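Make a model of the complete structure from these sequences and hints.
From first to last, the protein sequence lines are chains A and B. Mapping of the first sequence onto this note's numbering: position 19 corresponds to residue 19, and the numbering continues sequentially without gaps. Mapping of the second sequence onto this note's numbering: position 130 corresponds to residue 1130, and the numbering continues sequentially without gaps.
Hints were generated in silico from the structure; no laboratory data involved. Here the structure is a predicted model, which is why all the values come from computation and not from measurement. Every residue, glycine too, gets a C-beta built ideally from N, C-alpha and C. A couple of the hints might just be wrong.
Interface residues of chain B toward chain A, partial, derived using beta-carbon atoms under 7 angstroms [as the list claims (entries may be wrong)]:
hint	residue
1	Val1003
2	Val1005
3	His1008
4	Pro1009
5	Gly1029
6	Arg1034
7	Ile1036
8	Asn1037
9	Gly1092
10	Pro1093
11	Ala1094
12	Ile1095
13	Val1097
14	Ser1171
15	Pro1175
16	Lys1176
If you anchor each label on the Cβ, the simulated ranges turn out as follows [what the hints assert, rightly or not]:
hint	chain 1	residue 1	chain 2	residue 2	range
17	B	His1084	A	Gly153	26 to 36 angstroms
18	B	Pro1188	A	Asp94	49 to 59 angstroms
19	B	Gly1021	A	Phe96	51 to 61 angstroms
20	A	Gly12	B	Ala1002	45 to 55 angstroms
21	B	Gly1131	A	Thr13	40 to 50 angstroms
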Amino acid sequence: MSMKPVTLTLNGTAKAGFATDGQNLLDFLRRGLGDLSPKYGCGQGTCGACTVLVDGEPHLACLMLAEAAEGRRIETTAGLAGATLHPLQEAFMDRFAAQCGYCTPGMLMAAKALLDRSPRPTREEVIEAISGNLCRCTGYEPIIAAILDVAEGRASA
Amino acid sequence: MAVTVETHPTLTEAAQAMARGDAVYLGGGTGVMRLINAGVIRGRVLRVTDPGLREISLSGETVRLGAGVTMAAVAGHRDLAILHPVAGTIGGPAIRVMATVGGNLFAPHPYGDFATALLALGARAVMAGGGGTRPVEEVLRDRAGGRAGLVAAVEFARPRDARTFGWHKVSRVKPKGVSVLAIAAVLPREGGRIRGARVAFGAMGPAPARAAAVERVLEGQSLDAATIARAAEVAAEGFDPPTDALASAWYRREVAGVHLRRLLEEMA
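This is the structure:
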């Protein structure tokens, strides 16, 4: 099996690795670069657990070839927190927006993409932004509330 | 056998490589990558890096969408307002930045909302490598046998009056959901009478298809209650819809007329 060199920026740091032919970005991030924050849910583009930002736009890492990420800027949940948690992470805790937590990294990245583009979204815009992300535990209300908290400046930064 | 990905700078070169033996074309990836992930697709996979495939151009009333134009690009383009409700309800945001116009022409049932709209708009597919143009209808018919060829772009005339285009998608999950069925209609009026009706159903068969019986009923008529009722009666005529996890064939046939009536009432 041929290997293809891939260089990209992961959460602000230049990274390089070898992708196997046909390997998706999710598998490359997890196994190739050791970032376990994007989750493998369905592998079909249905659940959104693998959502990462590619050049600022939400993408499903399981549906993207690793080699197509060459030279791109990738952001994952592992890069959200600095010295303190990201406001979205704080708000998710305050609102109990995670139960099993499997959808949470995808939800956080979908929400970050929205707030980066539109810092004061409406509730409808929040719902639309996470419409590709499935949660089977807490329901969507606490998640929507957490995102709106950050948008409205209620969450601690 | 593992997957071998070939990257080509242009679609013409990819078409030549395609002719050298069995291969699958990878567009936005939303359809093909899931099959690669599942181990269903093996062998040669071709992709093209030409940014020209993502071009949207308007010349007069003719719209040309490159095969690599994404649903997000369509939904965000101010001159493509009639297609915003179509592109904007295909998947969530992360699907829309990847899913392409060209890929939608080959998306298996129940997918293909955008192809349904293109069918109603009378779009033509520009084939790769100077292969001329073909009606989208033919591409949708030939795709099953793998005889459709590579599509470089689609072209269609934007309706002069946006109100002559109608779109109705039925899904169980809001705001994002796969189509139980979808209906696109272009109903130009001359002196109050419909001239050149084009109505297409998505998710009512193996590929999006025109509702010939409905078009016959509408042609030359005014869009009044009696005409709408007659069109609704024949909505499922000629269709043999599949049964899947979203709906049974019986259900799709039963509700096709109900949803067609709702769309036509909106357009009246």
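Hint check: is the beta carbon of B:Val1003 less than 7 angstroms from a beta carbon of chain A?
holds (3 angstroms)
Does the hinted range 51 to 61 angstroms hold for B:Gly1021 and A:Phe96 at CB?
holds (55 angstroms)
Interface hint for B:Val1097, Cβ within 7 angstroms of any Cβ on chain A
holds (5 angstroms)
Given B:Lys1176 as an interface hint, is the shortest Cβ-Cβ distance to chain A below 7 angstroms?
Check passed: Cβ of B:Lys1176 comes within 4 angstroms of chain A, closer than 7 angstroms.
Per-residue hint verdict: B:Ala1094, partner chain A, C-beta under 7 angstroms
holds (4 angstroms)
Assuming the hint says 26 to 36 angstroms, is it satisfied by the Cβ distance from B:His1084 to A:Gly153 or not?
holds (31 angstroms)
Return the status of the interface hint for B:Ser1171: holds when the least beta-carbon distance to chain A is below 7 angstroms, violated otherwise.
Since the shortest Cβ distance to chain A is 11 angstroms, the answer is violated.
Given the hint of 45 to 55 angstroms, check if A:Gly12 and B:Ala1002 actually sit that far apart at their C-beta atoms.
violated (33 angstroms)
Min Cβ distance, B:Asn1037 to chain A: is it shorter than 7 angstroms?
holds (4 angstroms)
Interface restraint verdict for B:Pro1093 against chain A (beta-carbon cut-off 7 angstroms)
holds (5 angstroms)
Let me know if the C-beta of B:Val1005 comes in closer than 7 angstroms to any C-beta of chain A, holds or violated.
holds (5 angstroms)
Under the criterion of a CB-CB separation shorter than 7 angstroms, is B:Ile1036 in contact with chain A as hinted?
holds (5 angstroms)
Hints 3, 4, 14 and 20 from the list above are not met by this structure, while the remaining hints are.
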